[in-house]
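For this one, chain E is given, so just place chain Y on it according to the hints.
Number of protein chains: 2
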Amino acid sequence: MTPVLGIDIGGTNTAFGLVDADGHVIAHGSLPTRGHGSFEAFVEAVRVAVQDCMDAVGIAAISGVGVGAPNGNYFTGNIVFAPNLPWTGILPVAQLFEAAFGAKTVVTNDANAAALGEKKFGRAKDFDDFILVTLGTGLGSGFVANGQLIYGHDGFAGELGHVVAVRGGRTCGCGRKGCLERYASATGIVITAQERLSDPDCNSLLRVHGARLTATHIAEAASAGDATALEIFDYTARILGEVLADTVAITSPAAIVLFGGLANAGELLMEPLRRHFETNLLNIYQGKVQLLLSALPGSDAAILGAAAIAR
Amino acid sequence: MTPVLGIDIGGTNTAFGLVDADGHVIAHGSLPTRGHGSFEAFVEAVRVAVQDCMDAVGIAAISGVGVGAPNGNYFTGNIVFAPNLPWTGILPVAQLFEAAFGAKTVVTNDANAAALGEKKFGRAKDFDDFILVTLGTGLGSGFVANGQLIYGHDGFAGELGHVVAVRGGRTCGCGRKGCLERYASATGIVITAQERLSDPDCNSLLRVHGARLTATHIAEAASAGDATALEIFDYTARILGEVLADTVAITSPAAIVLFGGLANAGELLMEPLRRHFETNLLNIYQGKVQLLLSALPGSDAAILGAAAIAR
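Just so you know, the sequences run in chain order E and Y.
Following this note's numbering, the numbering of the first sequence begins with 349 at its first residue and continues without gaps.
Following this note's numbering, the numbering of the second sequence begins with 349 at its first residue and continues without gaps.
Hint data in this document are derived by calculation from the structure and do not stem from the laboratory.
Each hint should be verified, as a subset may be incorrect.
Which copy is meant is left open, because identical chains are indistinguishable; a pair holds if it fits in one copy or across any two.
[Claimed, not checked] In the EDC-like style, the derived pairs of lysine to aspartate or glutamate whose C-alpha atoms are separated by at most 16 Å in a straight line are:
{"hint": "1", "residue 1": "Lys452", "residue 2": "Asp370"}
{"hint": "2", "residue 1": "Lys473", "residue 2": "Glu619"}
{"hint": "3", "residue 1": "Lys525", "residue 2": "Asp574"}
{"hint": "4", "residue 1": "Lys468", "residue 2": "Asp368"}
{"hint": "5", "residue 1": "Lys525", "residue 2": "Glu626"}
{"hint": "6", "residue 1": "Lys452", "residue 2": "Glu568"}
{"hint": "7", "residue 1": "Lys636", "residue 2": "Asp502"}
{"hint": "8", "residue 1": "Lys473", "residue 2": "Glu388"}
{"hint": "9", "residue 1": "Lys452", "residue 2": "Glu579"}
{"hint": "10", "residue 1": "Lys525", "residue 2": "Asp403"}
{"hint": "11", "residue 1": "Lys636", "residue 2": "Glu626"}
Here chain E stands alone, though its shape is the one from the complex (with noise of 0.2 Å):
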């Protein structure tokens, strides 16, 4: 059966996967998001990423295209003011993807496309109520609730990385003060090192890499035992775990499965986050609540939710 396409467009990288009816990736490939100037030669660049990569494997068509984005819109196939990505306003997504094709493209929110992949594929597969976090550049989620994704209304359900963590703190790229993605994201940890660092008393090992830190070499220095970068995991996993807690209110999920970037830290980031995230609950969610890291490599979830809904 020919494979359908599968693209998750991130604010640093774009993944893509050719996928059979299996959920099989069958052939992989991957292109820096950013240097392209306009969002019509980014199309055009994926288009040849993904024809090399099909010549390379020796797939002749595909059948569907399934993008995942940051604001990512099912019900109208755009992507509209993704404060993460290199391109403003509204970009006609699935207009531009089907002509570059030839082939019906979907659309939805990068986050959205994850659960549905974790749903299908990955560790949400027993379950009809869970929350996918995903800590990239910026935080995205997706919320399935009575075995559905939560689209709203307008098809904009899932933005927590833009509920407000610090009323007054942080300017977000939304334009807003003190959204979680600002803190609990791989973005959100280096600001934060970021702050500590500049306090010159601040005594780390996180110094020598100066303005290239990044999340991984706090990951690293934490590893190493270092006390500002572990303070700065716990300081990340109290801010998350509230939100997240908060976040159980509404929806009273069984499993909240996180991953991108920062959740590649696993314990570093895990440990203190199940701890600040009971401590924060109320006494009617304590203790019930998993919280996993997915399972599933590499940006595959959000690769495998898009083309689930291609298909």
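Quick look at chain Y alone, frame taken from chain E:
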């Protein structure tokens, strides 16, 4: 056709109605929720009040009982740790009401019942994605997404009153700090007023009520132009508007329907609420979410919703 009994157990009053298949309330009644000693004695008082009501209108039998109550659980039929009720621990509501009335009894959260009532008979008829918020002794909520009530994996979804609105804020009946219902409810607005009046320089009409101050008094003073009372409504609306704006980022509803004691203040609450809500919304939601007051009288939304589940 034999009517169904719908019961709305509130923190202060318990209202009930005999409801026919078309959703008409044939007869109404109510009694105080407090002052009965045990929960068993309360159930017996409800039974007597309902029997009097049935005798008065010549109804001999009911075909089912639906109960809406704070922390009422649809899956277990129990009320569990309800901070605004006079009884503690786990209350076997379905079991005791079934014994009292000899009819099958279903239980749900009072705000979930109200959401179903609004969906079937009220202002949410045309919405598949909306939130119902009750502003009574506490703050309850029912979330509808994809046309279905969100129960969560354990039946405890929709506890918006226990989302933390102010970190480290007022102590809540649930044992945590800063819960929304300690600010935005008939109880919460009185606490705000008492805080303002503890300043001896605060000059306000509200002083005359002393310790007997109620939300209704604050609404009356605000209507009369009392600056303190107006500021109290603005503060209450700001806290509620901030949390509702965050909540929209999760389920993206077409509307939020408000009812309950504090919502009776009408435009005194709604005008500042619309303003603070819009100010705090992420740009993709601005101007799209209707804030509505319930048009169903008194407890009818919850009674009709509870009756609808029972049927």
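Against the structure, the hints:
For the homomeric pair Lys452 and Asp370, neither the shortest alpha-carbon distance inside one copy (20 Å) nor that between copies (45 Å) is at most 16 Å. In the homo-oligomer, the alpha carbons of Lys473 and Glu619 never lie at most 16 Å apart, since the shortest distance is 24 Å inside one protomer and 45 Å across protomers. For the identical chains of this complex, Lys525 and Asp574 are neighbours neither inside a copy (30 Å) nor across copies (32 Å), given an alpha-carbon limit of 16 Å. Proximity of Lys468 to Asp368 under the C-alpha cut-off of 16 Å is restricted to the intra-copy arrangement: shortest distance 14 Å within a copy versus 43 Å between copies.
Taking the shortest Cα distances, Lys525 and Glu626 sit within 16 Å of each other only across copies (15 Å), while inside one copy they are farther apart (26 Å). In this assembly of identical chains, the alpha carbons of Lys452 and Glu568 never lie at most 16 Å apart, being 43 Å within a copy and 60 Å across copies at closest. Only between protomers do Lys636 and Asp502 lie at most 16 Å apart by alpha-carbon distance; the minimum there is 9 Å, versus 31 Å within a single protomer. Within a single copy, Lys473 and Glu388 get their C-alpha atoms no closer than 36 Å, and across copies no closer than 42 Å, so neither meets the 16 Å cut-off.
Taking identical chains as interchangeable, the C-alpha atoms of Lys452 and Glu579 are never at most 16 Å apart, the minima being 48 Å within one chain and 55 Å between chains. Within a single copy, Lys525 and Asp403 get their C-alpha atoms no closer than 47 Å, and across copies no closer than 60 Å, so neither meets the 16 Å cut-off. For the homomeric pair Lys636 and Glu626, the shortest alpha-carbon distance inside one copy (9 Å) is at most 16 Å, but the shortest distance between copies (35 Å) is not.
Hint violations for this structure: numbers 1, 2, 3, 6, 8, 9 and 10, all remaining hints satisfied.
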